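Same order as they appear, the protein sequences are chains G and S. Note that my numbering gives residue 41 to position 41 of the first sequence, counting from 1, and the numbers run on in steps of one. Note that my numbering gives residue 216 to position 216 of the second sequence, counting from 1, and the numbers run on in steps of one.
Be aware that a few hints might be false.
Within a straight-line C-alpha distance of at most 27 Å, the following computed DSSO-like cross-link-like pairs (lysine-lysine) qualify [stated by the list, open to error]:
id, chain 1, residue 1, chain 2, residue 2
1, G, Lys108, S, Lys98
2, S, Lys98, S, Lys3
3, G, Lys12, G, Lys192
4, S, Lys187, G, Lys104
5, S, Lys80, S, Lys108
6, G, Lys192, S, Lys187
Calculated directly from the structure, the hints in this document are not laboratory data. Because the structure is a prediction, the values reported are computed rather than measured.
2 protein chains.
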Amino acid sequence: MYKLIDGINTSKIILKECEDYLKISNKKLNLSVIQIGGDIASTLYVNRKKKLCEKLNIDFSFYKFDENANEIEIIDLIDKLNNDKNVTGIFLEMPIPKNFDKEKITSKISVYKDLDGISEVSIGRLVRNMDCLYPCTAYGVIELLNKMEIELSGKHCVILNRSDVIGKPLSHLLLRNDATVTICHSKTKNLKEITNMADILIVAVNSKLFIDKTFVREGVILIDCGIHVVDDERRIVGDVNFDDVKEKCSYITPVPGGVGAMTTAMLIKNLIKASEMYG
Amino acid sequence: MYKLIDGINTSKIILKECEDYLKISNKKLNLSVIQIGGDIASTLYVNRKKKLCEKLNIDFSFYKFDENANEIEIIDLIDKLNNDKNVTGIFLEMPIPKNFDKEKITSKISVYKDLDGISEVSIGRLVRNMDCLYPCTAYGVIELLNKMEIELSGKHCVILNRSDVIGKPLSHLLLRNDATVTICHSKTKNLKEITNMADILIVAVNSKLFIDKTFVREGVILIDCGIHVVDDERRIVGDVNFDDVKEKCSYITPVPGGVGAMTTAMLIKNLIKASEMYG
Numbered sequence: 001m002y003k004l005i006d007g008i009n010t011s012k013i014i015l016k017e018c019e020d021y022l023k024i025s026n027k028k029l030n031l032s033v034i035q036i037g038g039d040i041a042s043t044l045y046v047n048r049k050k051k052l053c054e055k056l057n058i059d060f061s062f063y064k065f066d067e068n069a070n071e072i073e074i075i076d077l078i079d080k081l082n083n084d085k086n087v088t089g090i091f092l093e094m095p096i097p098k099n100f101d102k103e104k105i106t107s108k109i110s111v112y113k114d115l116d117g118i119s120e121v122s123i124g125r126l127v128r129n130m131d132c133l134y135p136c137t138a139y140g141v142i143e144l145l146n147k148m149e150i151e152l153s154g155k156h157c158v159i160l161n162r163s164d165v166i167g168k169p170l171s172h173l174l175l176r177n178d179a180t181v182t183i184c185h186s187k188t189k190n191l192k193e194i195t196n197m198a199d200i201l202i203v204a205v206n207s208k209l210f211i212d213k214t215f216v217r218e219g220v221i222l223i224d225c226g227i228h229v230v231d232d233e234r235r236i237v238g239d240v241n242f243d244d245v246k247e248k249c250s251y252i253t254p255v256p257g258g259v260g261a262m263t264t265a266m267l268i269k270n271l272i273k274a275s276e277m278y279g
Numbered sequence: 001m002y003k004l005i006d007g008i009n010t011s012k013i014i015l016k017e018c019e020d021y022l023k024i025s026n027k028k029l030n031l032s033v034i035q036i037g038g039d040i041a042s043t044l045y046v047n048r049k050k051k052l053c054e055k056l057n058i059d060f061s062f063y064k065f066d067e068n069a070n071e072i073e074i075i076d077l078i079d080k081l082n083n084d085k086n087v088t089g090i091f092l093e094m095p096i097p098k099n100f101d102k103e104k105i106t107s108k109i110s111v112y113k114d115l116d117g118i119s120e121v122s123i124g125r126l127v128r129n130m131d132c133l134y135p136c137t138a139y140g141v142i143e144l145l146n147k148m149e150i151e152l153s154g155k156h157c158v159i160l161n162r163s164d165v166i167g168k169p170l171s172h173l174l175l176r177n178d179a180t181v182t183i184c185h186s187k188t189k190n191l192k193e194i195t196n197m198a199d200i201l202i203v204a205v206n207s208k209l210f211i212d213k214t215f216v217r218e219g220v221i222l223i224d225c226g227i228h229v230v231d232d233e234r235r236i237v238g239d240v241n242f243d244d245v246k247e248k249c250s251y252i253t254p255v256p257g258g259v260g261a262m263t264t265a266m267l268i269k270n271l272i273k274a275s276e277m278y279g
């Protein structure tokens with residue numbers, strides 16, 4: 001019988017801890033969010049962050065650029081926010097339109113305020129086990145595993161994703177916890193042979209219901225980072241075919257209510273850490 | 001019948017290319033090497049670099065600190081070298097004595113002069129596929145595979161090492177070439193099961209003759225980064241038991257004459273790249 005890994009409840013616990021910390025420390029934090037272009041999902045996430053900040057009494061600043069904006073203006077804003085002592089953390093909403101130089105823009109965010117751990121200095125520090133802010137989704141996965149008291153040392157973790165914000169940072173967070181790590185992607189051959197070796201399988205393939213029971217061995221811990229809206233926007237599913245695979249799992253994340261529910265909580269946790277990094 | 005991966009000949013070819021480039025471009029480069037303490041192997045490597053620089057008409061500067069030196073002096077020197085336009089690249093000899101803050105010292109080396117790709121900015125840029133200098137040993141492994149025209153895309157590469165200068169950077173260089181990558185280490189369980197899946201097995205376990213034929217499948221490409229002096233210093237062996245395993249391999253590196261022979265060549269290649277990064 002599988003156990004559900006409950007992202008909603010876990011994120012509530014984390015947010016409660018954050019709320020208590022903010023009350024006791026009497027810190028006034030500021031979250032500055034930048035959006036370029038008008039991606040609908042991204043707009044939804046901005047609003048969610050805004051509401052959460054109101055609830056937690058965190059100052060929220062929002063900067064929106066249209067997709068024809070001048071890149072220099074955006075970089076100037078980041079410079080200004082980096083140097084503004086009232087700004088605790090900066091979050092750049094993804095995706096950003098393709099006509100912008102994502103690498104150049106994200107590189108400008110100060111390592112002390114880089115709430116999604118996206119600059120090369122943040123990820124370099126993560127790789128070297130130095131203090132830094134972790135990308136929220138990768139951090140959320142680790143936090144879910146920790147809160148369920150799932151031992152990572154010696155476990156074979158297979159990650160189906162090699163992006164800068166999920167697969168790569170997650171591989172280093174897992175290595176740091178003494179896990180054996182395999183990174184697979186679209187060019188991987190014999191994928192099933194590899195996924196069937198996993199003690200923990202983490203899936204972010206952006207393909208709905210991709211993982212069924214033939215991909216996993218009995219007792220696997222299955223983490224689904226996918227999110228897809230289906231049935232005329234009435235239902236949300238993940239990259240994992242939950243009903244098909246669940247009975248083979250020891251633990252499994254639902255979608256919705258799994259990893260996706262963790263990201264804003266991890267963002268607030270990063271915001272508090274950013275306030276401590278500054279001293 | 002296995003093929004030998006010849007590090008000596010490959011490094012000669014690379015050094016010849018470097019020599020030709022330096023003659024044609026008429027560039028005068030400077031390699032600045034820093035050594036802290038008097039590690040014997042490290043002193044040997046310093047001398048090897050010095051000789052190579054003389055041969056290639058590269059200016060060589062050497063800075064030696066004893067193991068009781070003041071850390072601030074070393075950092076001041078790095079600052080000075082970073083800002084000196086006549087200095088093309090900086091190489092800090094490893095190991096450095098344990099009483100020094102390795103993280104702090106290596107972090108100071110400018111990303112433009114970081115010849116062993118060891119600062120967090122260098123490794124962060126490597127992870128994000130941005131332009132940077134790669135750690136010499138990891139770079140040497142990739143270069144050997146490339147020169148042998150071994151296809152990496154879709155290959156399952158298993159790395160037995162998770163250090164900042166071999167396992168971690170190598171995993172990202174391999175991912176960038178569309179390989180599937182597994183990182184194993186001392187805490188890995190079922191090691192043989194995993195190594196037996198490898199199309200390419202890269203070994204840096206610092207344990208002499210550790211890998212025998214039971215670790216690999218027929219046709220494996222086997223890369224040995226180990227180096228051990230045995231038989232009263234009369235013989236050098238690697239982490240791989242070459243004679244036991246060779247007949248199962250399609251390609252295999254000898255020790256000596258494999259990966260170890262590549263590192264100084266990669267250092268010179270990095271020095272030239274550093275001169276180009278500056279413009």
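Hints not upheld, ascending by number: Violated hints: 1, 2, 3 and 4; rest satisfied.
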